[in-house]
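J.: The lines below spell out each chain.
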Amino acid sequence: GAGVSQSPRYKVAKRGQDVALRCDPISGHVSLFWYQQALGQGPEFLTYFQNEAQLDKSGLPSDRFFAERPEGSVSTLKIQRTQQEDSAVYLCASSPWRELRTDTQYFGPGTRLTVL
Amino acid sequence: GESVGLHLPTLSVQEGDNSIINCAYSNSASDYFIWYKQESGKGPQFIIDIRSNMDKRQGQRVTVLLNKTVKHLSLQIAATQPGDSAVYFCAENISGYSTLTFGKGTMLLVSP
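Here the protein sequences line up with chains A and B, keeping their order.
Under this note's numbering, think of the first position of the first sequence as 41, with each following residue one higher.
Under this note's numbering, think of the first position of the second sequence as -15, with each following residue one higher.
Treat each hint with caution, since some may be false.
[As the list claims (entries may be wrong)] Derived PhoX-like pairs (lysine-lysine); straight-line CA-CA distance at most 25 Å: (1) A:Lys97 x B:Lys88; (2) A:Lys51 x B:Lys26; (3) B:Lys52 x B:Lys40; (4) B:Lys52 x B:Lys26; (5) A:Lys118 x A:Lys51; (6) B:Lys26 x B:Lys55; (7) B:Lys88 x B:Lys21; (8) A:Lys118 x B:Lys55; (9) B:Lys88 x B:Lys55.
Hints are computed from structural coordinates only; laboratory data are not their basis.
For clarity, every value in this text was computed on a predicted model and none was experimentally measured.
For reference, chain B alone in the conformation it holds in the complex (with noise of 0.2 Å):
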């Protein structure tokens, strides 16, 4: 399938290690938070989401921190996989608009 990683941030890991994936977020009126998976030639998936009175969610194998000090997102994925590897990334709403925005995306690839 076609790339979408083109011209993106990239992360390279070795399979166990873990991963942290940063996002900086625009509006600070934002509330809603939302980490998706996009692999090649798919469209994106949903990992894991967070609301705006929360700090941290965890999920199976995956973190997500938000800091709305500074308007920062990280994914944290425990024992990285090779399927782990795919374009990933965050989007905020906010409560009321019908939009999501996202973010550029980051490019993570797992070595074994």
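Next up, chain A with everything else stripped away, as it sits in the complex (with noise of 0.2 Å):
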């Protein structure tokens, strides 16, 4: 059975440039989550989707930072002018259930985005 699949798995951009990170979450699941993991850090909470409404942005660290799931599966974060503090592993999960307080969050592989 596949997992969550994040792509692409390595990023590289120019300072100023825009990116787009995709996740595939598993199929049925109702809840995505994106998290922003510094090296030698734990993940840290960016936004929440349950469906195609996001519900919780409150942890995405600028106006830069936008997401959407626009048809409740695929995710897209996107970053605008891109900084270098944005450089950082970008880890997507999704969860199947309603009820937020028993989910257990499954982890993609994440998107490792350098910024130079």
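Fit chain to chain and form the complex, with the hints in mind.
T.: This is the structure:
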């Protein structure tokens, strides 16, 4: 069975470029999460979708970060005018249940973004 | 793959030993806790979880202990194997909130 997949696995961008990171969740999973993981740190929450609705975007660090999930399956995290401090691994996770409290989040392999 | 374990606390054990990884969580309102394992170049992998109405839960070769009084969580791995080498994160959650808050992680190194 397919797990959460992310593409690209590695992305190098020049400062100021826009990037788009894709997440394919496990089929049928209602909830989708994006996290940012700096080197040597734990993942930090960015945003959360339930189906196509973005219910929580409190973790997005600036208005340069934008996420969407228009059909309730695939999600894209877009970063505009990238800065060096955006360099990190971006993780996507999905979970099957509607009740957040009991969700087990299944993570993808991440996209390693390096901004030069 | 790239390392996720730079400058992390490290626990080094011999194959066959039992390992104990500790975590102090921050929010007394947290009521759901999870341990994840992360290998280099991979995303976190769910190991075991526990709710705040429990103080111990066992899985296959793993046990999680929760002490709410001192806000402490531990992961015990029995008969540690080289394949257990990874970074281990605890995460906490508050009911009704989407956010998982992760701790800083501990690198476990298992020597054959």
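J.: If a hint holds in the structure, say so; if it does not, say that too.
T.: Tested hints:
1. A:Lys97 x B:Lys88: holds, 22 Å
2. A:Lys51 x B:Lys26: Roughly 16 Å between the alpha carbons, so the hint for Lys51 of chain A and Lys26 of chain B holds.
3. B:Lys52 x B:Lys40: holds, 11 Å
4. B:Lys52 x B:Lys26: violated, 31 Å
5. A:Lys118 x A:Lys51: holds, 13 Å
6. B:Lys26 x B:Lys55: Roughly 29 Å separates the two Cα atoms, so the pair is violated.
7. B:Lys88 x B:Lys21: Distance of about 12 Å is within 25 Å: holds.
8. A:Lys118 x B:Lys55: violated, 37 Å
9. B:Lys88 x B:Lys55: At roughly 15 Å apart (the allowed maximum being 25 Å), Lys55 of chain B and Lys88 of chain B satisfy the hint.
The earlier numbered hints that this structure contradicts are 4, 6, 8.
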